[in-house]
Amino acid sequence: METKMLRWTAGITRLDRVRNESVRQRFGVTPIFEKMREARLQWYGHVLRAKGDTVRKTGLNLDVPEVEAFYVELEKFYKEDHTFYKVIVGDLNAKIGPRWSPEELHIGIHGLEWNEQGERLSEFIMLTKTIHGNSQFQKPPSLRWTWKSPCGQFHNEVDHIIFNRKYCLTDVSVVPNFYTGSDYRLLRARFRYSRQGEKAMKFKKRSPRTTINWDL
1 METKMLRWTA GITRLDRVRN ESVRQRFGVT PIFEKMREAR LQWYGHVLRA KGDTVRKTGL
61 NLDVPEVEAF YVELEKFYKE DHTFYKVIVG DLNAKIGPRW SPEELHIGIH GLEWNEQGER
121 LSEFIMLTKT IHGNSQFQKP PSLRWTWKSP CGQFHNEVDH IIFNRKYCLT DVSVVPNFYT
181 GSDYRLLRAR FRYSRQGEKA MKFKKRSPRT TINWDL
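Sequential numbering from 1 applies to the sequence shown in the numbering used here.
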(Lines of atoms letter the chains of each structure in order from A and count residues from 1; the text may use other names and numbers.)
(Lines give C-alpha, C1' and ligand atoms only; values in the text may rest on other atoms or scores of the structure.)
Protein backbone atom coordinates (compact mmCIF):
# COMPACT_ATOMS: atom_id res chain seq x y z
CA MET A 1 0.00 0.00 0.00
CA GLU A 2 2.83 2.39 0.86
CA THR A 3 4.54 1.77 -2.47
CA LYS A 4 1.27 2.25 -4.37
CA MET A 5 0.67 5.57 -2.61
CA LEU A 6 4.20 6.70 -3.44
CA ARG A 7 3.83 5.74 -7.10
CA TRP A 8 0.43 7.41 -7.33
CA THR A 9 1.71 10.60 -5.69
CA ALA A 10 4.77 10.77 -7.91
CA GLY A 11 2.78 10.05 -11.07
CA ILE A 12 4.80 6.92 -11.80
CA THR A 13 3.17 3.86 -13.31
CA ARG A 14 6.00 1.30 -13.26
CA LEU A 15 7.50 0.05 -10.02
CA ASP A 16 11.09 -0.08 -11.30
CA ARG A 17 11.00 3.62 -12.14
CA VAL A 18 10.54 4.77 -8.55
CA ARG A 19 13.74 6.49 -7.42
CA ASN A 20 14.21 8.34 -4.16
CA GLU A 21 16.22 11.12 -5.80
CA SER A 22 13.58 11.81 -8.45
CA VAL A 23 10.88 11.99 -5.77
CA ARG A 24 13.04 14.36 -3.70
CA GLN A 25 13.60 16.68 -6.68
CA ARG A 26 9.92 16.74 -7.56
CA PHE A 27 8.34 17.02 -4.11
CA GLY A 28 11.16 17.97 -1.74
CA VAL A 29 10.61 14.80 0.30
CA THR A 30 11.90 11.26 -0.03
CA PRO A 31 11.68 7.92 1.78
CA ILE A 32 14.68 7.11 3.95
CA PHE A 33 17.22 5.17 1.90
CA GLU A 34 16.75 1.45 1.34
CA LYS A 35 18.94 0.33 4.22
CA MET A 36 16.90 2.38 6.65
CA ARG A 37 13.69 1.20 5.01
CA GLU A 38 14.65 -2.43 5.62
CA ALA A 39 15.62 -1.65 9.21
CA ARG A 40 12.26 0.03 9.81
CA LEU A 41 10.39 -2.98 8.45
CA GLN A 42 12.39 -5.26 10.73
CA TRP A 43 11.90 -2.96 13.70
CA TYR A 44 8.13 -2.96 13.71
CA GLY A 45 8.14 -6.71 13.35
CA HIS A 46 7.66 -7.52 9.69
CA VAL A 47 9.86 -8.79 6.90
CA LEU A 48 8.99 -8.68 3.22
CA ARG A 49 8.96 -12.03 1.46
CA ALA A 50 8.22 -12.37 -2.24
CA LYS A 51 6.05 -15.13 -3.65
CA GLY A 52 5.53 -14.89 -7.38
CA ASP A 53 4.37 -11.36 -8.15
CA THR A 54 3.06 -10.69 -4.66
CA VAL A 55 4.69 -9.51 -1.47
CA ARG A 56 3.63 -10.85 1.89
CA LYS A 57 4.30 -9.64 5.41
CA THR A 58 5.33 -12.22 7.98
CA GLY A 59 5.31 -11.36 11.68
CA LEU A 60 8.56 -11.71 13.62
CA ASN A 61 9.68 -11.49 17.22
CA LEU A 62 12.07 -8.57 17.46
CA ASP A 63 15.09 -8.43 19.75
CA VAL A 64 16.14 -5.29 21.60
CA PRO A 65 19.52 -5.03 19.79
CA GLU A 66 17.70 -4.65 16.47
CA VAL A 67 15.62 -1.78 17.85
CA GLU A 68 18.74 -0.07 19.17
CA ALA A 69 20.54 -0.55 15.85
CA PHE A 70 17.61 1.08 14.07
CA TYR A 71 17.76 4.20 16.24
CA VAL A 72 21.54 4.44 16.01
CA GLU A 73 21.28 4.37 12.22
CA LEU A 74 18.35 6.81 12.20
CA GLU A 75 20.19 9.26 14.45
CA LYS A 76 23.24 9.07 12.20
CA PHE A 77 21.09 9.67 9.12
CA TYR A 78 19.37 12.63 10.81
CA LYS A 79 22.62 14.33 11.84
CA GLU A 80 24.22 13.87 8.43
CA ASP A 81 21.33 15.62 6.70
CA HIS A 82 21.71 19.40 6.86
CA THR A 83 18.25 20.41 5.67
CA PHE A 84 16.86 23.38 7.61
CA TYR A 85 13.37 21.87 7.97
CA LYS A 86 13.39 18.18 8.91
CA VAL A 87 10.28 16.02 9.29
CA ILE A 88 10.27 12.35 10.26
CA VAL A 89 6.98 10.58 9.51
CA GLY A 90 6.14 6.92 9.84
CA ASP A 91 4.85 3.89 11.69
CA LEU A 92 7.39 3.45 14.49
CA ASN A 93 5.40 0.89 16.49
CA ALA A 94 5.75 3.20 19.47
CA LYS A 95 3.18 4.71 21.80
CA ILE A 96 3.94 8.05 23.43
CA GLY A 97 1.85 9.40 26.28
CA PRO A 98 1.92 12.78 28.03
CA ARG A 99 5.27 14.08 29.26
CA TRP A 100 6.52 12.80 32.60
CA SER A 101 7.90 16.15 33.83
CA PRO A 102 7.74 19.84 32.85
CA GLU A 103 11.36 19.66 31.66
CA GLU A 104 10.49 17.24 28.85
CA LEU A 105 9.46 19.95 26.41
CA HIS A 106 10.12 17.70 23.40
CA ILE A 107 6.98 15.75 24.38
CA GLY A 108 3.56 17.40 24.66
CA ILE A 109 0.91 16.85 27.32
CA HIS A 110 -1.75 15.32 25.07
CA GLY A 111 -0.36 11.85 24.34
CA LEU A 112 -2.45 8.74 24.96
CA GLU A 113 -0.22 6.13 26.59
CA TRP A 114 3.37 4.89 26.78
CA ASN A 115 5.06 1.64 25.86
CA GLU A 116 8.70 0.56 25.85
CA GLN A 117 9.25 1.51 22.22
CA GLY A 118 7.74 4.91 22.94
CA GLU A 119 10.32 5.53 25.65
CA ARG A 120 13.11 4.77 23.19
CA LEU A 121 11.52 7.07 20.62
CA SER A 122 11.31 9.80 23.25
CA GLU A 123 15.03 9.38 23.92
CA PHE A 124 15.77 9.77 20.21
CA ILE A 125 13.64 12.93 20.04
CA MET A 126 15.48 14.39 23.03
CA LEU A 127 18.95 13.57 21.63
CA THR A 128 18.15 15.13 18.26
CA LYS A 129 16.43 18.15 19.86
CA THR A 130 13.29 17.63 17.82
CA ILE A 131 9.60 17.81 18.72
CA HIS A 132 6.98 15.07 18.91
CA GLY A 133 4.13 16.61 16.95
CA ASN A 134 1.26 14.29 17.89
CA SER A 135 1.31 15.09 21.60
CA GLN A 136 1.51 18.87 21.16
CA PHE A 137 -2.15 19.30 20.22
CA GLN A 138 -5.29 18.36 22.14
CA LYS A 139 -7.58 16.10 20.13
CA PRO A 140 -10.45 13.74 21.00
CA PRO A 141 -9.45 10.05 21.09
CA SER A 142 -11.27 9.48 17.80
CA LEU A 143 -8.78 11.80 16.07
CA ARG A 144 -5.68 10.33 17.70
CA TRP A 145 -5.47 6.62 16.96
CA THR A 146 -3.78 5.71 13.67
CA TRP A 147 -4.12 1.91 13.66
CA LYS A 148 -6.82 -0.56 14.62
CA SER A 149 -6.69 -4.33 15.01
CA PRO A 150 -8.40 -6.48 12.34
CA CYS A 151 -11.28 -7.18 14.71
CA GLY A 152 -11.63 -3.46 15.46
CA GLN A 153 -11.28 -3.99 19.20
CA PHE A 154 -7.93 -2.28 19.75
CA HIS A 155 -6.84 1.18 18.64
CA ASN A 156 -3.31 2.57 18.95
CA GLU A 157 -1.43 5.71 18.02
CA VAL A 158 1.68 4.20 16.41
CA ASP A 159 2.26 6.65 13.54
CA HIS A 160 4.20 9.74 14.50
CA ILE A 161 5.31 13.07 13.10
CA ILE A 162 8.58 14.47 14.43
CA PHE A 163 9.70 17.98 13.51
CA ASN A 164 12.80 20.03 14.24
CA ARG A 165 11.12 23.47 14.30
CA LYS A 166 8.48 23.61 17.01
CA TYR A 167 6.99 27.01 16.25
CA CYS A 168 6.41 26.14 12.58
CA LEU A 169 4.12 23.25 13.52
CA THR A 170 0.48 24.36 13.71
CA ASP A 171 -1.52 21.11 13.86
CA VAL A 172 -1.27 17.31 13.83
CA SER A 173 -4.41 15.21 13.44
CA VAL A 174 -5.87 12.12 11.83
CA VAL A 175 -8.03 12.56 8.72
CA PRO A 176 -10.94 10.25 9.65
CA ASN A 177 -12.76 10.23 6.31
CA PHE A 178 -9.74 9.40 4.15
CA TYR A 179 -9.86 5.72 3.13
CA THR A 180 -6.39 4.15 2.91
CA GLY A 181 -7.50 0.61 2.11
CA SER A 182 -5.82 -0.80 5.21
CA ASP A 183 -6.10 -0.82 9.00
CA TYR A 184 -4.12 2.44 9.17
CA ARG A 185 -5.47 5.98 9.00
CA LEU A 186 -3.94 9.02 7.35
CA LEU A 187 -2.02 11.24 9.76
CA ARG A 188 -1.74 14.87 8.68
CA ALA A 189 0.43 17.75 9.90
CA ARG A 190 0.24 21.43 9.08
CA PHE A 191 3.29 23.66 9.00
CA ARG A 192 3.90 27.36 8.68
CA TYR A 193 7.12 28.04 6.81
CA SER A 194 8.91 31.37 6.82
CA ARG A 195 11.70 32.07 4.38
CA GLN A 196 12.70 35.16 6.33
CA GLY A 197 12.77 33.17 9.56
CA GLU A 198 14.99 30.57 7.95
CA LYS A 199 17.44 33.23 6.78
CA ALA A 200 17.46 34.84 10.23
CA MET A 201 18.22 31.52 11.96
CA LYS A 202 21.06 30.77 9.55
CA PHE A 203 22.49 34.26 10.07
CA LYS A 204 22.57 33.76 13.85
CA LYS A 205 24.54 30.53 13.46
CA ARG A 206 27.32 32.25 11.52
CA SER A 207 30.61 32.54 13.35
CA PRO A 208 31.51 36.07 14.50
CA ARG A 209 33.73 38.07 12.17
CA THR A 210 37.38 38.18 13.18
CA THR A 211 38.66 41.67 14.03
CA ILE A 212 42.27 42.82 14.23
CA ASN A 213 43.47 45.41 16.71
CA TRP A 214 46.09 47.38 14.77
CA ASP A 215 47.08 49.39 17.86
CA LEU A 216 49.03 46.48 19.35
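Simulated from the structure, these hints should not be mistaken for lab results. A few of these clues could be false.
Taking lysine-lysine and the DSSO-like style, the derived pairs with C-alpha atoms no more than 30 Å apart in a straight line are [stated by the list, open to error]:
1) Lys166 <-> Lys139
2) Lys86 <-> Lys199
3) Lys199 <-> Lys76
4) Lys86 <-> Lys76
A quick look at each hint next to the structure:
1. A threshold of 30 Å between alpha carbons decides the hint, and for Lys166 with Lys139 the separation of about 18 Å falls inside it, so the pair holds.
2. Pair hint Lys86 plus Lys199 holds up; C-alpha atoms about 16 Å apart against a cutoff of 30 Å.
3. This hinted pair checks out: Lys199 and Lys76 have alpha carbons roughly 25 Å apart, not beyond 30 Å.
4. Restraint check for Lys86 and Lys76: satisfied, since their Cα atoms lie roughly 14 Å apart, inside the 30 Å limit.
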